[in-house]
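A.B. asks: Single-letter residue listing:
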Amino acid sequence: MVQEEMICLLQILLFPGFLSLILVAFFYEWVDRKFVAKLQNRYGPLHTGPGGLLQPFADFVKLLSKEDITPRAADKLLFSAVPIFLLSLPLTALFCIPMASYSALTSFEGDLILVMFITILIVVSVFIGAWSSTSRFSTVGGIRAGLQMLSYEIPMTIAMVGPAIVAKSLCISEIVQWQTTGLWFIFTQPLGFAVASICLLAEIQRVPFDIPRAETEVVAGWLTEFSGRKLALLRLTEDLELVLAGSMLTSLYLGGPSGFGLAPPFLWFFIKLTACILLLSNLRALFARFRIDQLASGAWKYLTPLALLQIILIELISW
Amino acid sequence: MSPIFNIPFGPQHPALKESENFMFEVDGERVVDVTPRLGYVHRGIEKALEDRTYIQDMHLIERICGICSHAHTTCYSQAVEEGLEVEIPPRARYIRSIVAELERIHNHYLWLGLVAHEIGFETLFMYAWRDREVVMDLLELISGNRVNYAMNMIGGVRRDITPEISSRIRKGLKVLDERMKYYERICSSERTVLVRTRGVGVLKTSDAISLCAVGPTLRASNVKRDVRADDPYAAYDEIPFHIVTHDGCDVASRIVTRCEEVFESVRIIRYALEHLPTGPLEVLVPRTVPPAEIVSRVEAPRGENIHYLRSNGTDKPARYKVRAPTLANIPALCKMLIGGYIADIPITIAGIDPCFSCMDRLAFIDANTDRSWVWDGEQLRRYGFKWYKKR
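Protein sequences, first through last, are from chains P and C. Start counting the first sequence at 1; every next residue gets the next number (my numbering). Start counting the second sequence at 320; every next residue gets the next number (my numbering).
Simulated from the structure, these hints should not be mistaken for laboratory data. Worth double-checking, as some hints may not be accurate.
Stated by the list, open to error - Covered by chain C, according to a simulated footprint, are these stretches of chain P (three or more residues, beta-carbon under 8 Å):
(1) 87-99
(2) 197-210
(3) 287-299
To be verified - Covered, in the sense of this in silico footprint (three residues per stretch, anywhere, with C-beta under 8 Å from a C-beta of chain P), are these stretches of chain C:
(4) 445-453
(5) 526-536
Computed from a predicted model, the values in this text were never measured in an experiment. We put the CB at the ideal spot given by N, CA and C, even for glycine.
Same shape as in the complex, but just chain P (with noise of 0.2 Å):
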């Protein structure tokens, strides 16, 4: 009994959970900077680790030991508590997605609507923090980040639907398992993988959707006056979203750690992982940022018919 609660200890602080969790964001955030890097004809990071690998991991430790600035302005309270509170998001969510099998380390039925909502919560986060900063360039920031919520957040969760109705299940690891049996969503629901592929790239807030902390317009956005291990913990949150972005893309689309041949389960699924982080990284060097105008009418005049029609096609078929 005792050797049992230990195994499950270990699991969720070393693998997969908590240590190996962190492990992989700051290795794809290397991947994310190296690979985007090499597309802007850059080098990318180089000196820390062989070819820059510790890079990430240098940065978060020196943010860690720099001056954390409280603006005497801020909600002290809601401004310390929001970077813990947000980093402990995604690292949630990610509990739920199969990683090293076919069973996530919690999984329940209803787990993907836990998944989505939490990226709301994520959003809801970030409008708070970038209140209680109360700098004006936070204020439109976090303004900023609540609008482009209520363009991606409708499409991306009728989107996911899709494999869930086909699988008939609302747990992500029984979507995973339907998938070790059927073909892989991706080849039935392509609608649908493009549209949540999009969403995810404006909840994660990269280039073309950066459009909540555009460094040009509004200094950080929503960032601007977190500092110091503050920083830290939101940049290490981002890693872990990017993460959790393509987990969500590799257990819904391209089956999880389903595969073939001898590899383990685990390996699969990082392969998968990393095509689909390296597909969002492609996108943002491929365009320019647009306006939150233009995303919020892109994305319901757009987005939002296409992950319907995607819907009425799975109906028809099963029909």
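Following the hints, put chain C in place on chain P, whose structure we already have.
C.D. replies: What follows is chain C alone, placed relative to chain P:
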């Protein structure tokens, strides 16, 4: 409570490469009003010029602007040469034009990268700045320097363009021409660029004329005005070229105008290299300039550059005044910004290709009445006394 919210833009802001302050009144994402506050990088160059000899001044003039250093020195040497009533040799005139056009190419590449950065298109920014290295290498080859070329001297130019250098310039121009064609295609077909630039920062032709816009900003509002053609200097009276204009009146057409100006510059340089006259590079000139008042004009990459010189028969100028193109574009800029979105502020400001350290002199602009005036030190001092008495 009024829904108006003030957002400061500068003096320190990531979108501004130099310090300048714009106070925006916004209603949600819309800009209702803008008040520019100039003078953060005022360096007192004009006063310093009066304390130095004409030869020393050349070095100071060169440092008014990092990018259009050649335009400023050309303007200055023209003024002094006119005061001295000397004609510079034809070869020197051609070399001045060649360097001026290379500088224009350099400036437009740099600007394209900045514009891409302002709209968040980092890849184009990296590419444009990589290709800018080609033209910077050419300038280094000619003059020995990458930015402050120090090519001009009173009475001619300092260095020659040998046949060997000229063939390397031709090779470099081929690359620059091809790359710019590619960027022009991207900027006029890539959707995300178009939605951010088309219809943004509109400056109607009538406004452009009445607010005295200059340079590519003016030409993108479909006004055919260019000092090179209207009041030819250097070798521009002998080199055929056409003035690029566009009728879009927005940031997109400013991009296309500048891209096409690069093609035009390439053609000008090719022609000038082909028809480079032989002869000496400079004439010897006296050190003192007889009393005169001279206005000299040059089409800098950013627009019309006006220098005013009053000499008093000594070897130092009695008064020197520089009107850089950015200053002329500020009233037009305010017009473009009002009614736009917050997100369009950086691209609109970048659209006029601002160079604040060129511009910051004792000049004042009232954004409400579009009135601008210039004060000398004494007037400013008196204004200061009055202002503090009121407090």
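A.B. asks: Hint by hint, work out which the structure violates, then give me just those numbers in ascending order.
C.D. replies: 1, 5
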